[in-house]
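Kindly generate the complete structure, drawing on both the sequences and the hints.
Protein chains: 4
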Amino acid sequence: MDEISINVLDKPKLRNPVLIEGLPGIGLVGKLAADHILDELSAVKLAELHSHSLPPQVMIADDGTVNLVGMNFYYVKGGKHDLILLVGDFQGITPDSQYRLTERIIEFVKDFKVKRIYTLGGLGTGNLTKTPRVFGAATSKDLIKEHKKYKIIFKGGGAILGASGLLLGIGMQHGIDGVCLMGETHGQIIDAKSAEAILEVLTKILDLKIDMKALAEKAKETEAQMMRLSQMITQNQEAQEQQKKYLSEPPTYIR
Amino acid sequence: MDEISINVLDKPKLRNPVLIEGLPGIGLVGKLAADHILDELSAVKLAELHSHSLPPQVMIADDGTVNLVGMNFYYVKGGKHDLILLVGDFQGITPDSQYRLTERIIEFVKDFKVKRIYTLGGLGTGNLTKTPRVFGAATSKDLIKEHKKYKIIFKGGGAILGASGLLLGIGMQHGIDGVCLMGETHGQIIDAKSAEAILEVLTKILDLKIDMKALAEKAKETEAQMMRLSQMITQNQEAQEQQKKYLSEPPTYIR
Amino acid sequence: MDEISINVLDKPKLRNPVLIEGLPGIGLVGKLAADHILDELSAVKLAELHSHSLPPQVMIADDGTVNLVGMNFYYVKGGKHDLILLVGDFQGITPDSQYRLTERIIEFVKDFKVKRIYTLGGLGTGNLTKTPRVFGAATSKDLIKEHKKYKIIFKGGGAILGASGLLLGIGMQHGIDGVCLMGETHGQIIDAKSAEAILEVLTKILDLKIDMKALAEKAKETEAQMMRLSQMITQNQEAQEQQKKYLSEPPTYIR
Amino acid sequence: MDEISINVLDKPKLRNPVLIEGLPGIGLVGKLAADHILDELSAVKLAELHSHSLPPQVMIADDGTVNLVGMNFYYVKGGKHDLILLVGDFQGITPDSQYRLTERIIEFVKDFKVKRIYTLGGLGTGNLTKTPRVFGAATSKDLIKEHKKYKIIFKGGGAILGASGLLLGIGMQHGIDGVCLMGETHGQIIDAKSAEAILEVLTKILDLKIDMKALAEKAKETEAQMMRLSQMITQNQEAQEQQKKYLSEPPTYIR
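Protein chains in written order, with my numbering: chain U, 1 to 255; chain S, 1 to 255; chain C, 1 to 255; chain D, 1 to 255.
Only true hints are included.
Put simply, identical chains are the same to the list, so a pair is met inside one copy or across any two.
Capping the alpha-carbon separation at 27 Å, the derived lysine-lysine pairs in DSSO-like fashion look like this:
id	residue 1	residue 2
1	K45	K220
2	K155	K220
3	K155	K218
Simulated from the structure, these hints should not be mistaken for laboratory data.
Below is the structure:
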């Protein structure tokens, strides 16, 4: 396996495809939104990406079988644009791997003649709000003009970290347009409301029809599940800390 | 020396060999179990692995001689399956090195036509229990079906970190079956009881006969030794912290 | 994109050019000074450097468009020496990348036959002073002799960290003279006074005319902006910490 | 400059040379001892090693000139064995670079047909003692036997971290004998007494004559200097922490 490997599972012909990125980030806003599109539009798996820069682990599925951690590409055919969805449980774990993964992803979607990317994320404000706003940033002034009618707030300043930012920045170098949609969110909760806000904008832009009912339920489920898991993680972290005393440190250090 | 180098010491012909991994992890469960097989079945050293991704140090043996830190392969001939054991004091110290080490290990054991891997570990629960259960995860549904008769609990969810997980995940990519056996354990103690529980299952699966008496004693010894060493480590850590003030920081910083 | 890539935007002929480095460091002294030269002398953009060793993010400009994080080269023609300015928002984020970036920068400016480098920085003392002194270090005794008339204090001891140091150390290996000018500064404030002090020395050395009025204002602006941003960062950091519980750690760890 | 580069300054013919390593470690014991040999025996500089894995900085000499951080090789001719000394202000800053640096050092000294290495360090005990003992570890039982007459205590257990350990471990792979001498030391003080203890043993082994008077003074000097510098470092660290708020974190994070 190379440092980054993509296992292509299908070879669909896609019409005017756009890439939608929804990897984990603040409030899980982008991930919730992209995972919801995936489910509601019955997306088909296109490819799996594995990398030495993802956490060194396998995930255990509900039936007890294991899968190597990865990012997944899905596609949806038949709308105004065909869609490629990029989803996963993790982003690259080192800064330089974020660059290398992004470059590899751009290279992969260029084969499908992707000319536009929408990256989805959350903008943490520390405040709770019932009607989260949607902020935006884009790779050109023309794109901003084109998107203003969707009530996206393009205010300058700040930075976009990780895949949501780099896919725009490196996409630009390859002549690909990019828009980042960021849902206003508290930052410390998994925010289905904020995911719904960006989905409402995105579905208008791409002329998609998506039922939002399941989203809130999914977020509740996710949250409950995360709570339980969080406890187990804390226990395991304590265990690992304890372990380190014995293991990652040798018996007696002499230098 | 390459970034990962394997020094092969013996060239045995092995019959239907399975790989058993017992590197350090939670509760030292996997390590205790694999080291016990090693001793009880008088395993023969097959190869030493050294790597730039293991801690940069030598271990001092009882007689005062030093050995470069490494992982070791041993073999046992004559059972239903011949065995290759993978043991050591450390796992790779960076996430990407975990991938590279695992790939190199898979490549090495493929030369012996290994078609199945058992990885051994602990599942930290934060609870003390007298009769630790054995949990499992596997690379296919068929494998799970095959192993259910051994009272292994295959419940979904969670992740398997490090060599115990990656050997399954990367093994799959090479057509190698894999099962991870995880002994229920508190997480903050070195747990011979849990190691015994997974050994009882593993010996049934592989039709091995292993006396368990020495295991508990060995764990006690290990624990006492670890306690003493832990004190020395704390002292040395404090010393190193102190040192850093002088050394890893230059006299006056200007930027 | 290579690990380090330089996108050349202009091919000016430069006469006896000197490189002036003003990347971020203590008190932002060097950055404030170099950015001020840039503005006051209407410098022209020469090239953009991008690197896998800069933070993985895009910056959002005032108009809502994004730019990949980078270092920028500018030039100024027509003085005693033509100038190449090296500015940016970040230094390389790993120690080894600091070396590789510096080597690439040296290689780039050698094409313009740069024979001298001035690096600008702050010397943190923990004290507030109204009349900050300017300290210096240089690549040879002759250079020190040459610069003593400018009231630069060359006292030995200490170290120069990051680009301001390495450009001298690696420049030497390529036969390039180098002087580091360090403005006395508290260390915990953005210090326009200290930037002014080094600019007063540097303008005398290079026979430049630069109005200082805008500098103090710019520093005030920068400080106000930083304050606001600092709050947002803190919020986002808390959000990210929270996020890590869910994301960078998998649901249940088993090893 | 390569990732590791050695600039050879002299090409002496050395007779039965042994390598003596005295890089920084616990109590600065090894460094103090090796630096003292350097001064007392008027060693001649043989080569400079620079590396991307040393801190990215230049040191400012007493006269205000700068030097890129490095390790230095010196030689001494005319004794029972000619000596090569390896000294410096830093060790490699990442675990894997410790391996790569050690391999490069071994390769370099093999050109001089070095067949034996003495590495010098401290063994931190947390206790103050007036008559520090000297502990040892070696690459073979024969070496231990050979050295027992020098009152070195060879007790098993523990580990030797960093260059002092790896030079033995990797040296072994190249057929080079190695002994590590470790002076008993508290761990939190710069310990000239402990350095003297290992020098007394080493001078007997190698039949050297070295005056110890200057050692204690040098250690006092070093300690005073370190104290003052330590204060400056603390100030600068605080300044850097403060800086990070502004710099290593971008204004607003969105993911």
